[in-house]
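With the hints as a guide, bring the two chains together.
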Amino acid sequence: MELTANKFKANASKALVDAQLQKALGNVQKGFIGKRQKAADALPEFDELRDNARDIKNHVLAHLDLYLEEYERKVTAAGGHVHWAETAEDARRIVLDICQKANARTVTKGKSMITEEIALNDHLAANGIEPVETDLGEYIIQLRGEHPSHIIAPAVHLNKEQVEGDFRRVHTHLAKDRDLSEPVSLLSEAREVLRQRYFAADVGITGANFLIAETGTSVIVTNEGNGDLTQTLGKVHVVVASIEKIVPTLEDTSQILRVLARSATGQDMSVYTTFSTGPKREEDPDGPDEYHVVLLDNGRSAMLGTEYQDMLRCIRCGACMNHCPVYHAVGGHAYGSVYPGPMGAVLTPSLNGIDETGQLPNASTFCGRCESVCPMRIPLPKMMRHWREREFERNLTPAVARYGLKAWAFFAKRPKLYRLAASFGMPLLSLFGGTSRRFHSLPLAGGWTRHRDLPAPEGRTFLQAWAQREALKQEPLKQEAGQ
Amino acid sequence: MTSSEAKAAPQPRVGLFATCLVDLFRPSVGFASVKLLQDAGCEVHVPVAQTCCGQPAYNTGDRADTREIAEQVIEAFEGFDFIVAPSGSCASMLKKHYPGLFAGDAAWEQRAQAFSGKCHELISFLTDVMMVRDTGASLEASITYHDSCSGLRELGIREQPRKLLGNVSGVEVREMTDSDVCCGFGGTFCVKYSDISNAIVTKKVGNIDTSGADMLLAGDLGCLMNMAGKLKRQGSDVEVRHVAEVLAGMTSQPPIAGSGK
Numbered sequence: 001m002e003l004t005a006n007k008f009k010a011n012a013s014k015a016l017v018d019a020q021l022q023k024a025l026g027n028v029q030k031g032f033i034g035k036r037q038k039a040a041d042a043l044p045e046f047d048e049l050r051d052n053a054r055d056i057k058n059h060v061l062a063h064l065d066l067y068l069e070e071y072e073r074k075v076t077a078a079g080g081h082v083h084w085a086e087t088a089e090d091a092r093r094i095v096l097d098i099c100q101k102a103n104a105r106t107v108t109k110g111k112s113m114i115t116e117e118i119a120l121n122d123h124l125a126a127n128g129i130e131p132v133e134t135d136l137g138e139y140i141i142q143l144r145g146e147h148p149s150h151i152i153a154p155a156v157h158l159n160k161e162q163v164e165g166d167f168r169r170v171h172t173h174l175a176k177d178r179d180l181s182e183p184v185s186l187l188s189e190a191r192e193v194l195r196q197r198y199f200a201a202d203v204g205i206t207g208a209n210f211l212i213a214e215t216g217t218s219v220i221v222t223n224e225g226n227g228d229l230t231q232t233l234g235k236v237h238v239v240v241a242s243i244e245k246i247v248p249t250l251e252d253t254s255q256i257l258r259v260l261a262r263s264a265t266g267q268d269m270s271v272y273t274t275f276s277t278g279p280k281r282e283e284d285p286d287g288p289d290e291y292h293v294v295l296l297d298n299g300r301s302a303m304l305g306t307e308y309q310d311m312l313r314c315i316r317c318g319a320c321m322n323h324c325p326v327y328h329a330v331g332g333h334a335y336g337s338v339y340p341g342p343m344g345a346v347l348t349p350s351l352n353g354i355d356e357t358g359q360l361p362n363a364s365t366f367c368g369r370c371e372s373v374c375p376m377r378i379p380l381p382k383m384m385r386h387w388r389e390r391e392f393e394r395n396l397t398p399a400v401a402r403y404g405l406k407a408w409a410f411f412a413k414r415p416k417l418y419r420l421a422a423s424f425g426m427p428l429l430s431l432f433g434g435t436s437r438r439f440h441s442l443p444l445a446g447g448w449t450r451h452r453d454l455p456a457p458e459g460r461t462f463l464q465a466w467a468q469r470e471a472l473k474q475e476p477l478k479q480e481a482g483q
Numbered sequence: 001m002t003s004s005e006a007k008a009a010p011q012p013r014v015g016l017f018a019t020c021l022v023d024l025f026r027p028s029v030g031f032a033s034v035k036l037l038q039d040a041g042c043e044v045h046v047p048v049a050q051t052c053c054g055q056p057a058y059n060t061g062d063r064a065d066t067r068e069i070a071e072q073v074i075e076a077f078e079g080f081d082f083i084v085a086p087s088g089s090c091a092s093m094l095k096k097h098y099p100g101l102f103a104g105d106a107a108w109e110q111r112a113q114a115f116s117g118k119c120h121e122l123i124s125f126l127t128d129v130m131m132v133r134d135t136g137a138s139l140e141a142s143i144t145y146h147d148s149c150s151g152l153r154e155l156g157i158r159e160q161p162r163k164l165l166g167n168v169s170g171v172e173v174r175e176m177t178d179s180d181v182c183c184g185f186g187g188t189f190c191v192k193y194s195d196i197s198n199a200i201v202t203k204k205v206g207n208i209d210t211s212g213a214d215m216l217l218a219g220d221l222g223c224l225m226n227m228a229g230k231l232k233r234q235g236s237d238v239e240v241r242h243v244a245e246v247l248a249g250m251t252s253q254p255p256i257a258g259s260g261k
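In order, the protein sequence lines correspond to chains A and B. Residue numbering for the first sequence is 1 to 483, as defined by UniProt numbering. Residue numbering for the second sequence is 1 to 261, as defined by UniProt numbering.
Here chain B stands alone, though its shape is the one from the complex (with noise of 0.2 angstroms):
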């Protein structure tokens, strides 16, 4: 669909694919996600069948289990127009790496696809789709925007979130150097190779305090918690939040990992 269909179709219905992390950690989000899309015109629906995108078991190289999960997916959300994740990773493993997993099964593959097709990332779809130019919420608050590679690099989200951003009043950007570079989190890698991510991360939070800002935002909970933690552990004053609780208004939670040193 177009984003002209999309206006010019009375109120979209979005299925929002919370994603397990901001379902199991940060609740925030996902209401923030729907007041975002209420603002935006849309009927949202938040299908009780979900759990996790299947990352985990995709990215560890088990191919069954990931399939099952996305078969299970596709079956929750396929009856929306539109599928919403406030997150690049997995709304790119939905749109992205789901088609392929069914490659050589013409049915499923085809479902895939035209699920695949009604697949968005939440801050791109309000810009892209809905045609979002201003949220019409206010901080007064100097942020800086971290972008997380799967959003950037799969689903080339970068300018989004910045024009949103660049419309909240008494918000002030300050880029940081290398915003594109990987924050270490990695899903498992993190964990995995605990080291090496404490070393990426560590250079990360070093331009996080460079820029300046005392806010951090990014559309991903994984980058956002790995990042939260690391500032926290060196006793950072900079407060973590997802970029949807900014945009929606909703900052009223303790920010990621808590305020204060």
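Just chain A, same shape as in the assembly (with noise of 0.2 angstroms):
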């Protein structure tokens, strides 16, 4: 996708007053927060599982190269091939080369955030070979040509009347009158219409949420079973995943499983976990002739041993983003990049670089609300801060910002001046405050009065008022020392 990140606030207004839009994502406050708590309360232990998640993923990204490679001899081991994909064109470049040796038509996929990020769609279908999205909500924004707006549910920036709309016009083979109006009516229509694209397809290719050092085995989870038949019913299967998606052992990986569903949907488990490991065998009932993994760096070793290395503990959950009131208010599609909400206002200037996607950092009232739930404990707010920190030293910042700051910190670094000239200031502009005690607009405050009232100050400053009390309180002392 097109990145428009540093468009952010262009983009929110937009958003803001998009009524189908805001709708939308009421629904998403109401029904993530909730099920996570509870999720959350019902399991003792799960302050102590999310330290031990944190730890284990600390422990890999500290040996990521080892486990990599024990991970490749394992891959191959068990008769699958490991490709290496430095960038996302190298990685669209494996892809194509697989498909097109499989002479493929059409692919079918699992719901995979890695595919957004090399922008495969494009380029498969750029090449003659169609990709079919599996994951309903998925499939849904393929059909109206959009990306994501929330890494694991893609479509939740719409209501169901919208995706009704969409179906009676690409579905048009189905008959005219039939009942659209719930939910499941629409899943069952998405079921049929797939269920044949998934016998038709070539290759099949899905990402992964853990790839296991020990065995060799890529695990994906899922609430509809789609990647399971996307994965075993083409001849080849193909897994796109990040380097740091690696973890040492199958006992890892229960471990992490066990925050993962319960942050990212309340739900205990996600309905289908399956692990992958190596092709059909011959005493397989089925399964995939060829399997590869595509491991894509992308940026990620770079933020090896940098203040973003916590970034890549990142399990892709979607709790940050379903706690922010930033997110709330703007959707995940005003981020303008692959990796919306506060992980993407990390994540993003890592991956493409902080000139163009300044604005994500600096999108955050800094509430610590994602750091709170976030499973991997990943210090978000920290990062973004780090990220404003790179954007002042190389003056990216905005001037006005800038020199407002600068200007700001010449009188708080001098407090004899502040002291100063806070106790004509304060005054004064209290006086302007008139009886209603608040500015409904006033020079240079248009940030702030455009939306809300400015409270006036009381009058004289604290320390003013503080030292005349003190001063007073001396004064019959020293009377009496004088007599």
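If you're looking for bench data, these hints aren't it; they were derived computationally from the structure. For clarity, every value in this text was computed on a predicted model and none was experimentally measured. Glycine residues also receive a C-beta, built at the ideal position from the N, C-alpha and C atoms. Some hints here could point you the wrong way.
As the list claims (entries may be wrong) - As a list, the in silico DSS-like pairs of lysine-lysine whose alpha-carbon atoms are at most 30 angstroms apart:
hint, chain 1, residue 1, chain 2, residue 2
1, A, 9, A, 160
2, B, 203, A, 23
3, B, 118, B, 192
4, A, 406, B, 96
5, A, 14, B, 203
6, B, 118, A, 382
7, B, 192, A, 406
8, A, 382, A, 7
9, A, 35, B, 203
10, A, 9, B, 192
11, B, 163, B, 35
12, B, 96, A, 416
13, B, 203, A, 382
14, A, 9, B, 203
15, A, 38, B, 163
16, B, 203, A, 7
Unchecked claim - Derived list of chain B stretches under chain A, where covered just means 3 residues or more per stretch with a C-beta under 8 angstroms from a C-beta of chain A:
hint, stretch
17, 56-65
18, 146-156
19, 226-235
What follows is the structure in structure tokens.
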């Protein structure tokens, strides 16, 4: 997708007045938060599991090279192929090559943010191969020519009436008078249409939630079972995953699985958790003839050893955006990048550079709710602040903010001058506050007063008033001393 | 220092870090803080070399100015037994964020760590260190309390103000929905992303209205000015005050942004 992260403000302004979107966003706030809380409350060791999950990934990141090599050995031993892709372009080329060798005309796809990151669908389509998204949400947005607005609920920005309209527009072979008023009827229709696509597909492409070094296994979690059909019915299964998806063992995987679904949707486990190791063996009743894993770096190894390394612990549960007041207000598309919300505000600058993405880490109140629910305890606000520091160092911070800040800092670092200015300024501002004790508008305060009144200061500053009170207390003592 | 030591020590010397917003906009909160601290048995000092905790610079990515301001604050306050601020956000800046500014500078880092250990937010200092249970105030009002983000999530302040408010005679607490969700202030965020901030604070004042309370309290003046400004813009007659004003029984000043419509 085209990166429009630096149009965030304009995107957000549009989103704020989009009635359909605002209605859909109301559902995000109602659904995810309560369910996660309930799931967390029901598990006494939930916070301990979060600590374990964090520690597992920290260990992996400290030894990533070793685990990646071990993983490759195990995949190869199971009859699979590992392809290393340094860039998005490399990954696209490798996947296309595999598809072309299989003479693929259509490929089915399980839900995968990594294939969004490398813009795989456009590349396949441009080369005459039709990609078919099989996750319901992904299928819907593919029909609409949109991108996911949420990493686990790609169509969360839509209402069911919009989806009904899309299905009627596209599924013209079905009866016109069919009832599509309920979500379940939409789901059944998508299933029916997609079922035929699975059988026709030559290649199935999925992402991976985990890559297990111990066994060479890739793991996907889904709620619709579409991933399983995608990866078992095609002749070839291609897994596209980024390098930080590695976990050492099956035991580690089960530890992290226990926090993943609970944090994401409030489920104890997702409906389907599927482990794939190599292609079909002789004794297997089904499975693909070929099994490929494309391991994508795309800037991640450069994050190792930096202040952004912790971001590589992310397991893409979406809890941060589900709890973000900014995401609730504007939705995922406003971020103008593949990854929205707080995790995107940290990851996107790492992948695309801060020059083109500086708006994202700035668009946060630092309320900290994202960090408080992150199953991997990623310090998201801290890392957003680090991005602001990188911006400031390079003079990328907007000039108004920069000069305003410098003027303020000049006084803040000179208490005497600050006191003097405040002791004249605040009483004057207070006077202008009149009897209402607030301002409806004020020069230079437009950002504030556009939407809210500015409370008038009381008058003298606290330190002024305090000094006078203390001086009065001293007065009788001085007189006594003088007598 | 543990709470028992604090009690044993005669008159702990407290440096009051008023915070820039209280200093400039609402001195009443400063005086209410002084009263609460003195009533709790503290000797209160207000160093004149205080301006701001440095958050505007810190959150804009300006580490150099932040550090200079932090040094200034530490120098002015490190001599006290405790440093107390009537704000979760500023107290957290002093306590949780200052030490990180000096990473790699052993001498300063040590000073910042020692300083950090003595910093507290006002209400939690009263309940957790000075063991105050009842401030002796009374007020006939139904109030709702907003949990400001930094105090709540960085310092764990949630029950402390509610405990003390529960003992103010005449006060009825009516919890609002999502009291722990951001009000949209976010320091410079509210002017940098004015429209988004407005969407967030609009939801917040909706929840305040629905609570049916006639007074809104919180522990951070930034959030209070934001919510008061929105309430007044919407014509609400909910009174807005810092929680310290009510706990100190000092509500004779007009509320934040005035009263009435």
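The hints, checked one at a time:
1. A/9 with A/160: holds (27 angstroms)
2. B/203 with A/23: Given that 30 angstroms is the threshold and the Cα spacing comes to 14 angstroms, the pair holds.
3. B/118 with B/192: Outside the cut-off at roughly 33 angstroms; violated.
4. A/406 with B/96: holds (24 angstroms)
5. A/14 with B/203: Roughly 18 angstroms between the alpha carbons, so the hint for residue 14 of chain A and residue 203 of chain B holds.
6. B/118 with A/382: holds (23 angstroms)
7. B/192 with A/406: holds (16 angstroms)
8. A/382 with A/7: This hinted pair holds, its Cα atoms lying about 23 angstroms apart.
9. A/35 with B/203: holds (21 angstroms)
10. A/9 with B/192: With Cα atoms ~9 angstroms apart, residue 9 of chain A and residue 192 of chain B stay inside 30 angstroms; holds.
11. B/163 with B/35: holds (19 angstroms)
12. B/96 with A/416: holds (27 angstroms)
13. B/203 with A/382: Holds, at roughly 26 angstroms.
14. A/9 with B/203: holds (20 angstroms)
15. A/38 with B/163: holds (26 angstroms)
16. B/203 with A/7: holds (25 angstroms)
17. 56-65: Since three or more residues must qualify, the claim that chain A covers the stretch 56-65 of chain B holds, with 9 doing so at under 8 angstroms.
18. 146-156: Coverage by chain A holds for the stretch 146-156 of chain B (4 residues, Cβ < 8 angstroms).
19. 226-235: holds (count 6)
The structure shown violates just one earlier hint, number 3.
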